[in-house]
Amino acid sequence: MVNLIKILFIYLMFGLVFNSVVYADDSFFDDEVVFEDSTQELDEWSDDSDIFGDESIDDEKSLAWLNLGVSQKWGFNPASSYSTTKERTELTLGTSGSVSESGYGEVELKATKYWPSDSYHSTSASDIEVERAFLQFSFEDWSTKLGRYTIGWGELEGGALDVVNPAGGLTDPKIISQWFLSATRYSNNSDLSLFYNSNPSITKSALLSLKDDSDDEFGVRYGINREGSDVAFYAGQLIPNNALKNLIDGVTYASPYQLLGFGMNKAFDDYLLKFDIAYKRNLEHNRLGQFIKVDRIDWDLAFDIQKNDRQWLISINSQYLLDFYEDYLTPTLLASVSTKRNTTTYMASVSDKFGDSDWSWSLSNIAASNNDLSLTSAGLDWDINDHWKASLGASYANAKSDRAFSLLDDYQRVNLEVKYQY
Amino acid sequence: MNRLILTNSNSPLLVVALSIFFIFSVSNVYAETDLSAREIMEKVDEESRKSTESAFTRMKLTTCKYGKRDGKVKCAEKARVKLVESAQINTGENNKDSKSIAIILEPASEKGIGMLSYSYDDSDRDNETWLYLSALGKVKRISVRNSDDEETESASIFGTEMTTEDQETGKLDDYTYELLDQGTFRGREVVVIESTPKPHRLSKSSYGKTQSWIDTERFISLKVQMFDKYNNPIKKLEVGKVEKINNVWMGRSLTFFNTVSNRLTNMKLEAINFDMDINEDFLTQRALTDQAFREKYLKDLRKQAK
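In order, the protein sequences belong to chains B and U.
Residue numbering for the first sequence follows the numbering used here, starting at 1 and increasing by one per position.
Residue numbering for the second sequence follows the numbering used here, starting at 1 and increasing by one per position.
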């Protein structure tokens with residue numbers, strides 16, 4: 001018996017020594033997972049989506065070809081007893097898909113109903129627009145695209161090179177699509193794109209007539225993708241997105257100018273550095289008693305910082321007039337103010353998610369040099385489900401009454417939007 | 001886990017039986033642990049690469065807040081569903097780098113959003129990711145988690161509980177490995193291996209360590225428990241529907257449980273095809289901006305997959 005115990009002891013020690021690594025921490029399995037009970041645990045979380053309970057999850061959307069969206073938008077002016085400035089309903093219908101072996105197309109139409117309280121109602125009670133409509137064909141290294149869409153130039157949205165598509169301005173940064181013909185040749189780690197637009201969109205005041213609106217715009221972009229960084233070179237003849245009022249004849253002009261540019265991004269840790277620079281030649285400008293053409297260097301520098309779901313964007317945007325005289329003027333709504341040689345705009349924005357990522361908030365401030373303008377915006381978005389979304393936004397601007405942004409002084413808005421998308 | 005049962009007997013037969021048992025037991029352990037933890041992880045990495053080699057997949061990503069009902073994990077809200085197609089190839093030296101593209105098919109509000117990712121085995125090379133935003137008409141590089149900020153997490157993939165770090169392969173030199181335990185898990189022989197990032201990696205990782213339950217025959221993870229840098233369990237991955245597809249063992253249902261936010265994402269591979277003819281040219285920014293090119297390729301891949 002003693003021998004047997006000795007033998008067992010020896011075997012036991014032998015076994016334990018050689019199993020010492022794997023028996024090192026028995027408490028390891030004190031966790032919820034016990035191997036012997038694994039079947040039950042398996043049932044708990046898998047295998048046939050039992051997790052999702054009685055609610056069935058539709059695999060396929062019926063009418064898969066149709067993209068439908070309905071939005072209701074309201075805008076209020078707190079500075080005027082919260083009077084309604086915007087009350088409109090938008091219906092978007094769209095579809096997309098292959099049109100041949102090498103082709104692809106997308107179309108999206110937007111119908112807008114402006115209700116009587118909407119400030120735009122006096123101009124139009126309803127409107128139908130082509131938001132997007134294009135055909136794209138791809139052959140070998142080439143791709144061509146014809147239709148109405150958006151071309152994004154440069155690294156920073158609203159920056160020195162983001163000049164192809166006009167936007168609604170500081171208080172409505174939505175980009176407006178345009179009709180283009182473009183072609184791109186793709187090579188290893190680089191691409192060369194050209195675009196042509198025979199009828200550029202120009203943001204202009206309805207109160208002023210526009211001259212010189214028949215010029216074409218065209219441009220070329222050569223992009224190089226490198227590890228950790230993308231760079232691109234730009235050249236083109238463009239039409240200003242905003243028409244300029246000639247202080248002598250009171251008519252607005254949007255004459256072509258020439259652009260040479262360079263943009264790049266580089267990733268550093270959590271930071272993404274963005275840089276754009278553009279030389280713009282023959283930009284129209286007012287001078288005392290003259291309507292002249294000037295050259296300007298625009299540049300911007302931005303840092304995109306990602307910390308978990310929190311995203312920061314800090315940017316500087318500068319415009320420097322190469323030829324400068326003290327009598328340069330910038331038009332305002334009713335008169336004009338002197339022009340500074342260098343105009344700098346600073347922007348800081350932050351956005352984050354909360355409530356299990358169903359909610360997100362954002363806060364931004366845009367400040368112009370010399371305290372000419374400070375525009376603060378805040379937003380709250382609620383991603384209700386895969387179909388419904390709601391957003392609430394508020395903006396407040398404070399501008400010097402005797403400077404270029406005087407029109408925005410004491411600008412206040414609260415906007416609410418509810419959107420359904422199918 | 002093998003259990004020892006000792007009875008009070010002096011039978012020589014028992015001695016022989018016990019001898020055989022122990023020898024078998026020990027030799028079995030030798031057979032399973034002959035490989036070091038690092039070697040096992042190398043095999044897991046190798047198998048993982050096989051499952052992504054020239055692969056074309058259609059997957060459903062389902063995300064919801066979860067709770068327990070009747071002892072079972074259930075969604076506590078209507079789940080968000082994304083239908084995604086993805087293509088991936090392995091490239092670089094010894095095929096240890098990878099290039100992939102994922103395109104959202106549903107929901108309608110996100111349809112067409114594409115994400116291109118390059119993942120490098122070399123620790124000195126940071127992975128790269130680009131997104132195409134059609135409203136802006138351009139491709140945007142996004143900064144992925146590479147910094148030394150300990151509180152920062154990797155970027156979420158399409159708003160799910162999966163992060164870019166969860167999808168990483170390679171970079172084995174960035175971790176130390178320890179074999180913690182061995183036994184039977186869901187009827188499979190497994191080892192539990194703890195991977196601890198080395199200091200330079202720790203600063204870039206969302207996790208302080210991970211523990212992986214690895215099938216010692218198939219070399220796939222059946223479960224992964226992730227811990228934060230203070231040793232708190234924060235996330236786990238459960239792998240289900242393990243199937244052999246084209247001689248590669250893989251899980252067709254992966255569920256990520258974020259045990260801090262009580263949210264989960266289930267990634268169900270609805271279709272997966274290996275050894276597809278995926279041209280490296282497809283896994284470039286062109287596939288993000290040139291929809292005709294993308295559709296042509298996807299159509300071809302769908303045809304190959306049939």
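In case anyone wonders, no lab produced these hints; they're calculated from the structure.
A few of these clues could be false.
[To be verified] Heads up, simulated SDA-like pairs for lysine to any residue below, C-alpha to C-alpha not over 20 Å straight-line: (1) B:73 to B:117; (2) U:140 to B:351; (3) B:340 to B:325; (4) B:340 to B:288; (5) B:389 to U:107; (6) U:111 to B:388; (7) B:307 to U:111.
Right, here's what the structure says about each hint:
| no. | hint | result |
| --- | --- | --- |
| 1 | B:73 to B:117 | 12 Å, holds |
| 2 | U:140 to B:351 | 17 Å, holds |
| 3 | B:340 to B:325 | 9 Å, holds |
| 4 | B:340 to B:288 | 14 Å, holds |
| 5 | B:389 to U:107 | 13 Å, holds |
| 6 | U:111 to B:388 | 15 Å, holds |
| 7 | B:307 to U:111 | 26 Å, violated |
Comparing the model with each earlier hint shows a violation of hint 7 alone; every other hint is respected.
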